[in-house]
Amino acid sequence: MFTRKRKQKMHFKPRIVALGDSSILIQLGEEIDLAVNRRVHALASLVETSAIAGVIETVPAYATLLVHYDPLVFSFAQIKNILREKLTQIQENESRKPLQVEVPVRYGGELGPDLESVAAHLSLRVEDVIRIHSENIYTVYMMGFTPGYPYMGKLDDVLIMPRLETPRTRVPAGTVAIAGSQTGIYSIESPGGWNLIGWTPLKLFDPNSDSPFLFSPGDEVKFIVKRP
Amino acid sequence: MTLEVVELSGLATIQDSGRIGWRKFGVPVSGPMDVFVFRAANKLVGNDSNCAAIEIGLGDITMRALRDCVVAVAGVGYSVSIYIWEFPLWSSYYVRAGWTIRLNKLDSGMWAYLAVSGGVQTQQILDSQSTYLRGHFGGLDGRQLQVGDVMKSGTSSRSLHDLAARTLPEAARPLYSDNPIIDVIMGPQEKYFTDESIATFLSSEYSVSNTSDRMGYRLEGVALKHRSKAELISEGMTMGAIQVPSNGQPIAIMADSPTTGGYPKIGTVASADLPLLAQCVPGRSEIRFRETTVVKAQKKYRELIDGLGKIEDAD
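Chains as they are written, first to last, in the numbering used here: chain A, 31 to 258; chain B, 10 to 324.
Think of the hints as simulated: they come from the structure by calculation, not from any bench. Some hints could be false.
Below, computed lysine to any residue pairings styled on SDA-like, alpha-carbon distance capped at 20 angstroms [said to hold, decoys possible]:
| # | chain 1 | residue 1 | chain 2 | residue 2 |
| --- | --- | --- | --- | --- |
| 1 | B | Lys200 | A | Glu60 |
| 2 | A | Lys43 | B | Lys305 |
| 3 | B | Lys308 | A | Asp100 |
| 4 | B | Lys238 | A | Ile62 |
| 5 | A | Lys116 | A | Val47 |
| 6 | B | Lys309 | A | Gln108 |
| 7 | B | Lys305 | A | Asp100 |
| 8 | A | Lys116 | A | Leu154 |
| 9 | A | Lys110 | B | Lys305 |
| 10 | B | Lys200 | B | Glu300 |
| 11 | B | Lys308 | A | Val255 |
Just chain B, same shape as in the assembly (with noise of 0.2 angstroms):
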């Protein structure tokens, strides 16, 4: 065993990369709701980037290391400390067995990721980690973690020694805030909406309603208005959908929505701007959204990846 959960306030589940390959039968990918930290964490202790890390959000999280490992820790809106020291985010730590690690929940932001060298190793159901609360499966028992839960962790990609102390430079992360402005790809239903509802959606703020959590984010702000229909025969969706129902506020649909819906979709947020949305404050943040292409928001997503590659090891 490497890790213990010795005091718990917050949510804190274990997500790999997502559930592939059964949204057909209505299974929702899950998997972590900010995908750019739940990567940089993998990477900053040598893992691959689907490996199963622990996610925390909207508290407290202490775990003690029952061996000696290499952890990180990133994400948006937590203190870190390790055993007697306060360390900053985005790093990694070579953590003695006996010692604690603990996440403070601060102000801004929302969530953080605690990736092991080796992975959290935990059963996999249907071909992943992932948890899915509503379900009640994946993770441990398909449940968020509980004082007392106690974590195997894979084998180390190389010495510990090699993985502890590298950090992700500031230039490399995305620029959270707790009011950011957001990307979207309008469409595909944007035609279900007056012209006057398009221009409102693109220059109004919203704001993250205290209801959001895993499975949606939703938005209140000026209602959006339908042309006729708020409803259309279902089909697939995905994560940074927007779908809009007939009271005309906008839900974010997140990890765990489930894979089809009937409301149309105004737009969809850029994958790398995805991470920005996902750390917003829920009755706190208030975003902004702005019309990009499929072509500008893959390449940025393509450079927000490669910034993973400018893990820099301790002088």
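If we strip away everything but chain A, and leave its shape as in the complex, we get (with noise of 0.2 angstroms):
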């Protein structure tokens, strides 16, 4: 059975698809899996080195990167073809190697009110969701929700929480928290349906400054537990 799955995530075939008349997307999976995303940042790398003239920007999530193009430049057979050759140019060890950064996290208390309801429907002690949380290394598989969110997986499969039933209006920048598989940190004040877990003094996203993310998508993160 476990062979028989790999072998068809193997022969997915990638598409490439219209959105619009400005934007392309090609999909190389159907499902978040590290490998598939792995490939998407090796295509996007590979984009956005080749500097194409007309291609406006890329933006790589789980298993697609979307492609914004100039349509006064390009036909969408044109950009089509251009990305048809690219897929086939995809090294993936060649990619940029990703960058790795610690993340300190205080759990629990005030900015981690979910953490021991969490605790509780998994049937885990509060410091074993801290252990389980803290000790995975995180790949950025994408970014968006607000400028500089990173979505990150995978989760320990012990951990996996559905969605708050009851979304909360206002969440702080810098909370951490987790859904289904993935673990992700508040990066601007805003609505936001996660658990929340703990919290970050990190500054994930500042617009004034000259590196304004902390993240870039395809980084690899590592959560460090500090006692308060």
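Two independent chains are provided; combine them into the complex using the hints.
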């Protein structure tokens, strides 16, 4: 069963489809999977380093790369051909070595208000939730939702939690959260439906800084437990 | 200083052509809701198409010129008066220091742009002057304009007299309407919907909800049905993409929308027709969608942009 599933994954045929008349979507898989996501980032860096005039920017996501292009420069057929060729040139090992970012986290307390209910829901001790969450090294699969927000995974299976039934209207910046097989950090104060388990003093987004973002898509992240 | 806000009841923000290059970090592109009007206003005053202008919607604004300048006012659903005269939209005007420029909202339409020769000059944040209200950055301190705000302008590309009294003829403008028919390119997730729902989407009327804003226009009509899942793993999206959450009511994402989303997209509005959608009146407009192809949509967009070259100087 396991091998059959692997095989299916390997055989996913990339799809290149239009999203309107000025964006094109390259789909490399159908699920959240680290190998697929690595190919997405490898393709993104290949497209970006090629500096193709008429390509405006790219947006890597879990299993897709969206390429925004200028329809006054390229027809859909032209950009599709260029990207089809880039697809054949993906060399995963040649892609940028991921940056490793350490993130200090104060788990629980006022800024991690769901830590205890998460532990209770999962029938784990609070200490175990902290240990398991901070043990793994996560990959920033993609960024979205708000400026600088990292969608990271994969979470250990024992920490899989549903989203909150009623999202909070206000979650402070720096709040570390989990939902499904993912973990994230709220980058600006915003509404949020994930389970809040901790808080980091690091600034994920500062529009006035020379380096406005703490993370880039594809980075690796390690949480460091800080005791109050 | 060139312009001062003296009265304001609408939503006014500073927008340039958009914040390009940061979408991979989750930063919305922002920029004008109606890119055609925005480009027309800039072109009328001899500016590059990426110069910042003032976007006004939902109400009125009165500005005072603090020095002689040329302004262009273009858009849908506004009347313009400068000093003591009423003027038409889609034209540029010589404004003397001390004169006021009034834009009053009429019943139809939604957005107008006031461009000044040399462009409005504010700090660049992430390579753009566009205001992103939710993120509290860009434009003037990341907020909407308020009475008392003063703005600088850059250097005019030509003499002010050369730039005044120019007009974009009506034939070169999109066919704005309160109830437009809007071209869409279907997909990429049209397979997520039943055949019946695709037919419904392309044949029924959708009203533009009152809850619409710069992030998205919510549409209300016959609910669309998903074959099974109403969610996919998140992927990049673009202005004009029409996503359909589980309640079956489509949302057309607009300038300030998040860069990625996890609802299936039934189609995307053609770039040439995005201005028609942008100028719909929330709570009143009823729209219909018509299927087009990428090839046709790109041709239509090229023709629309070429039309900006038809600006006429006064005789």
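Structure-based check of each hint:
With a C-alpha separation of about 14 angstroms, the suggested pairing of Lys200 of chain B with Glu60 of chain A holds against the 20 angstroms cut-off. In summary, the hint linking Lys43 of chain A to Lys305 of chain B is not supported, as the alpha carbons are separated by about 28 angstroms, beyond the 20 angstroms threshold. For the given pair, Lys308 of chain B sits about 13 angstroms from Asp100 of chain A by alpha-carbon distance, which is consistent with the 20 angstroms threshold. For the proposed pair Lys238 of chain B and Ile62 of chain A, the alpha carbon gap of about 16 angstroms is at most 20 angstroms, so the pair holds.
Between the alpha carbons of Lys116 of chain A and Val47 of chain A the distance comes to roughly 15 angstroms, so the proposed pair stays at or under 20 angstroms and holds. For a cut-off of 20 angstroms, the pair hint linking Lys309 of chain B to Gln108 of chain A stands: about 18 angstroms separates their Cα positions. Proximity of Lys305 of chain B to Asp100 of chain A is assessed by CA-CA distance (about 15 angstroms); at most 20 angstroms being required, the pair is judged to hold. Distance hint between Lys116 of chain A and Leu154 of chain A is unfulfilled; the C-alpha atoms sit about 46 angstroms from each other, more than 20 angstroms.
Between Lys110 of chain A and Lys305 of chain B the CA atoms are separated by roughly 17 angstroms; this keeps the pair inside 20 angstroms, and the hint holds. As the CA atoms of Lys200 of chain B and Glu300 of chain B are separated by approximately 15 angstroms, the hinted pair is consistent with the 20 angstroms bound. Using a Cα cut-off of 20 angstroms, the hinted pair Lys308 of chain B and Val255 of chain A is violated, with the two alpha carbons roughly 56 angstroms apart.
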